[in-house]
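Enquirer: Given only the sequences and the hints, what does the whole structure look like? Please build it.
Protein chains: 2
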Amino acid sequence: MPELRKDSVTGRWVIIATDRARRPSDFSREPVVIAPPTRFCPFCYGNESKTPPEVLAYRVNGGHNQAGWSLRVIPNKFPVLGIEGDLARQGDGMFDKMSGIGAHEVIIESPEHTATLATMTDKQVEDVLWAFRERVLDLKKDRRLRYILLFKNHGEPAGATLEHPHSQLIALPVIPKRVKEELDGAKQYHDFKERCVFCDIVRQESQAGVRLVMETDRFIVNQPYASRFPFETWIIPKRHDSHFEDAGGPDLQNLAWVLRSTLRKLDKTLEKPAYNFLIHTAPAQEAPMTHYHWHIEIMPRLTKVAGFEWGSGFYINPTPPEESAQFLREAGLG
Amino acid sequence: MPELRKDSVTGRWVIIATDRARRPSDFSREPVVIAPPTRFCPFCYGNESKTPPEVLAYRVNGGHNQAGWSLRVIPNKFPVLGIEGDLARQGDGMFDKMSGIGAHEVIIESPEHTATLATMTDKQVEDVLWAFRERVLDLKKDRRLRYILLFKNHGEPAGATLEHPHSQLIALPVIPKRVKEELDGAKQYHDFKERCVFCDIVRQESQAGVRLVMETDRFIVNQPYASRFPFETWIIPKRHDSHFEDAGGPDLQNLAWVLRSTLRKLDKTLEKPAYNFLIHTAPAQEAPMTHYHWHIEIMPRLTKVAGFEWGSGFYINPTPPEESAQFLREAGLG
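If you read the sequences in order, they're chains A and B.
Residue numbers are given in this note's numbering: position 5 of the first sequence equals residue 5, and the series is strictly consecutive.
Adding 1000 to a residue's 1-based position in the second sequence gives its number in this note's numbering.
Treat the hints as calculated values from the structure; they're not laboratory data.
Warning: the hint list may mix true and false statements.
Said to hold, decoys possible - Sample of chain A residues facing chain B (criterion: CB under 7 Å; computed from the structure):
| no. | residue |
| --- | --- |
| 1 | 1 |
| 2 | 5 |
| 3 | 6 |
| 4 | 8 |
| 5 | 15 |
| 6 | 71 |
| 7 | 93 |
| 8 | 98 |
| 9 | 151 |
| 10 | 153 |
| 11 | 225 |
| 12 | 271 |
| 13 | 297 |
| 14 | 304 |
| 15 | 316 |
Stated by the list, open to error - With a Cα cut of at most 27 Å, we get these calculated DSS-like pairs of lysine-lysine:
| no. | chain 1 | residue 1 | chain 2 | residue 2 |
| --- | --- | --- | --- | --- |
| 16 | A | 97 | B | 1268 |
| 17 | B | 1193 | A | 97 |
| 18 | A | 180 | B | 1006 |
| 19 | B | 1193 | A | 6 |
| 20 | B | 1187 | A | 177 |
| 21 | A | 272 | A | 304 |
| 22 | A | 180 | B | 1180 |
| 23 | A | 77 | B | 1006 |
| 24 | B | 1177 | A | 187 |
| 25 | A | 177 | B | 1177 |
| 26 | B | 1187 | A | 180 |
| 27 | B | 1177 | A | 6 |
| 28 | A | 193 | B | 1097 |
| 29 | B | 1268 | A | 304 |
| 30 | B | 1193 | A | 304 |
| 31 | B | 1006 | A | 140 |
| 32 | B | 1140 | A | 97 |
| 33 | B | 1193 | A | 177 |
| 34 | B | 1187 | A | 304 |
| 35 | B | 1050 | B | 1077 |
| 36 | A | 268 | B | 1304 |
| 37 | B | 1177 | A | 304 |
| 38 | B | 1187 | B | 1140 |
Model, not experiment: these values are computed from the prediction.
No residue lacks a Cβ here, since even glycine has one placed at the ideal position from N, Cα and C.
Expert: This is the structure in structure tokens:
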């Protein structure tokens, strides 16, 4: 008998189609394996002048916009939003629009073209997290920017257009819909229970263990109760913080290990799947919130999302999270 | 300069990336062309006994579950929900679930394996719409079923697993999230303006014309102001009705022509794209609503949706709807 499950944050219902339960080997797809570049790669050493000038870099030697960096942040060459101009809100007949003010940056995670977050050292992954934090703290000084999306598209099926390992940042003058849903849902829960829904999830899931992938002093890695996708994975900090950028050194150090271990388990269990991850965090200009709790959502791209799932917001997941959690628990770190 | 546009129903913001405007020929993909079956097709004549027994059929000759039909509705052989059992809602720790009560049916639109809604006769398309209506009216008698999703996945990139032309119906004991957002947004608009937001869209878009693809006495075909996807197309009835199933004979006859013409224009402009369509309608057990207005949303599958778009609910559309509307207006009916 299939089950309908409700996401406790947003209230979204999902069908967990237990009758058609699918195992890792049922998801046939090409593994994402990055070969050395056969043509020009703008993110490799020596091509720094071919990208927009860097806004941040970690380097052991070399000067600004030269080789020698270990991590580099640059504006996207084809940004979807621009930082110049007025944030003019205006009507357009009955409709509303504003100019596309914002920032779109690329975090080049390593000089090594074939590296991935799963194969880099923990220190390199930690540097990526520090770069995220530094860019957020810098950009949120611009009061027009209300939300900063940090995300990664890994592999072509996940929407990556360049192979060289990189993440992206989009700073927006509006709050994205899904984030707003989470904020509203978490607020409702907090109004009713006087507790944070994510703190409750951490406590319950850590105790129950059936959907738990791993746990440290500071984080749990979990397959959500109402997972939309097979092997959807959330990393949730145990300490309540609404904003990712409030995480400190020991948090980021541990998170680097947790994130890398999780990606290694996914690589091992699902044979190097394409995936996306996003950091869900509170809006940039808001004070700390008691009802919201930042976390990372990782979505392996294993199935085609049918259009009716977008169009209805109603998801059918062929793999119960209890089963995927067990596969991931039992997988070593590769 | 890119533009941020707000969907007037749900409040969702979309980036219309005018700087990277993409024309139809920029979307490279395989055309969806259906060849005669080379292996067993359960939906072709003579294989009626290989499917679950039909729940509705239009036929000129032949008996129940035999050849001779022109349209056939059957339960899905691998349903995501089942009709038997109790709708037991229960807690699961802090979470909520219920048993997967519902219906999952397939509307086989034609006995002809290679037909599509664009190449069938208007009469055949009209019959598909009548079958939708008949099934909805029958299923809504079951008071457990709160929402009935009618949709089509056309072509493998859109999630179709069988080539033979068919649509699907999923009847649910809950209201899908995206529909709930539309209902809530339309209610807010109505509370504020004392008018239906869709009626306002019909009036404005018909008058402005820039995003209009075509118009009849009864329907407009439009590229929405805040389109999420290139060539996203909505068909909106001019007369206010909250429920699709309240459409009568002259409506469905005209809608068949409008739907088929729209799909022919998409086929011509985009070289037979994969697409999804969904009927958005009011919840099955509700009385007629002054604030909601049924419509059809068609989403050609031209670009990969990056995971961050799901995860954030924030969409980047590289084709302004004013441009796609012009391409579609200028395309003949093929």
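Enquirer: Next, verify each hint and record whether it holds.
Expert: How the hints compare with the structure:
The criterion of a C-beta within 7 Å of any C-beta in chain B is met by residue 1 of chain A, whose closest approach is roughly 6 Å, and the hint holds. Below 7 Å, beta-carbon pairs count as interface contacts, and residue 5 of chain A has one with chain B at about 5 Å; its hint therefore holds. Evaluation of the residue 6 of chain A hint against chain B yields a held restraint, the C-beta minimum of about 4 Å falling below 7 Å. Using the Cβ-Cβ criterion of 7 Å, the hint placing residue 8 of chain A at the interface with chain B is satisfied: the shortest such distance is roughly 6 Å.
Evaluation of the residue 15 of chain A hint against chain B yields a held restraint, the C-beta minimum of about 5 Å falling below 7 Å. Checking residue 71 of chain A against chain B: minimum C-beta separation of about 21 Å lies over 7 Å; hint violated. Proximity of residue 93 of chain A to chain B holds as hinted, the smallest CB-CB distance being about 5 Å (cut-off 7 Å). Interface restraint check: residue 98 of chain A against chain B, minimum CB-CB distance 5 Å, threshold 7 Å, status holds.
With 7 Å as the threshold, the beta carbon of residue 151 of chain A comes within range of chain B, its nearest partner Cβ sitting at about 4 Å, so the hint holds. For residue 153 of chain A, the shortest C-beta to C-beta distance to chain B is roughly 5 Å, which falls under 7 Å, so the interface hint holds. Using the Cβ-Cβ criterion of 7 Å, the hint placing residue 225 of chain A at the interface with chain B is satisfied: the shortest such distance is roughly 5 Å. Hint status for residue 271 of chain A relative to chain B: violated, with the closest Cβ pair at about 18 Å, above 7 Å.
A distance limit of 7 Å between C-beta atoms decides the matter here; for residue 297 of chain A the minimum to chain B is near 6 Å, and the interface restraint holds. For residue 304 of chain A, the interface hint holds, the least distance from its beta-carbon to any beta-carbon of chain B being 5 Å, beneath 7 Å. For residue 316 of chain A, the interface hint holds, the least distance from its beta-carbon to any beta-carbon of chain B being 5 Å, beneath 7 Å. Among the hinted pairs, residue 97 of chain A with residue 1268 of chain B is inconsistent with the structure: their alpha-carbon atoms are about 31 Å apart, more than 27 Å.
Straight-line distance between C-alpha atoms of residue 1193 of chain B and residue 97 of chain A comes to about 19 Å, which keeps the hinted pair within the 27 Å bound. For the given pair, residue 180 of chain A sits about 14 Å from residue 1006 of chain B by alpha-carbon distance, which is consistent with the 27 Å threshold. With a C-alpha separation of about 33 Å, the suggested pair residue 1193 of chain B and residue 6 of chain A falls outside the 27 Å cut-off, and the hint is violated. Distance hint between residue 1187 of chain B and residue 177 of chain A is fulfilled; the C-alpha atoms sit about 18 Å from each other, no more than 27 Å.
Distance restraint check for residue 272 of chain A and residue 304 of chain A: the Cα-Cα separation of roughly 17 Å lies within the 27 Å cut-off, and the hinted pair is therefore satisfied. A distance of roughly 15 Å separates the Cα atoms of residue 180 of chain A and residue 1180 of chain B; the hinted pair therefore holds under the 27 Å criterion. Distance hint between residue 77 of chain A and residue 1006 of chain B is fulfilled; the C-alpha atoms sit about 26 Å from each other, no more than 27 Å. Annotation: proposed proximity of residue 1177 of chain B to residue 187 of chain A holds, straight-line Cα distance about 18 Å (limit 27 Å).
Proximity of residue 177 of chain A to residue 1177 of chain B is assessed by CA-CA distance (about 12 Å); at most 27 Å being required, the pair is judged to hold. At most 27 Å may separate the alpha-carbon atoms for a hinted pair to count; residue 1187 of chain B and residue 180 of chain A meet this at roughly 18 Å. Distance check on the hinted pair: residue 1177 of chain B and residue 6 of chain A sit about 11 Å apart at the alpha-carbon level, within 27 Å; holds. At most 27 Å may separate the alpha-carbon atoms for a hinted pair to count; residue 193 of chain A and residue 1097 of chain B meet this at roughly 19 Å.
Among the hinted pairs, residue 1268 of chain B with residue 304 of chain A is consistent with the structure: their alpha-carbon atoms are about 25 Å apart, no more than 27 Å. Between residue 1193 of chain B and residue 304 of chain A the CA atoms are separated by roughly 40 Å; this puts the pair beyond 27 Å, and the hint is violated. Our distance criterion of 27 Å between C-alpha atoms is met by residue 1006 of chain B and residue 140 of chain A, whose separation comes to about 23 Å. For the proposed pair residue 1140 of chain B and residue 97 of chain A, the alpha carbon gap of about 39 Å is over 27 Å, so the pair is violated.
Distance hint between residue 1193 of chain B and residue 177 of chain A is fulfilled; the C-alpha atoms sit about 23 Å from each other, no more than 27 Å. Taking the CA atoms of residue 1187 of chain B and residue 304 of chain A, the gap is near 33 Å; set against the 27 Å cutoff, the hint is violated. Straight-line distance between C-alpha atoms of residue 1050 of chain B and residue 1077 of chain B comes to about 10 Å, which keeps the hinted pair within the 27 Å bound. Under the criterion of a C-alpha separation no larger than 27 Å, the hint pairing residue 268 of chain A with residue 1304 of chain B is consistent with the structure, at around 25 Å.
Proximity of residue 1177 of chain B to residue 304 of chain A is assessed by CA-CA distance (about 20 Å); at most 27 Å being required, the pair is judged to hold. Annotation: proposed proximity of residue 1187 of chain B to residue 1140 of chain B holds, straight-line Cα distance about 23 Å (limit 27 Å).
Violation of the numbered hints given earlier is confined to hints 6, 12, 16, 19, 30, 32 and 34; the remaining hints are satisfied by the structure.
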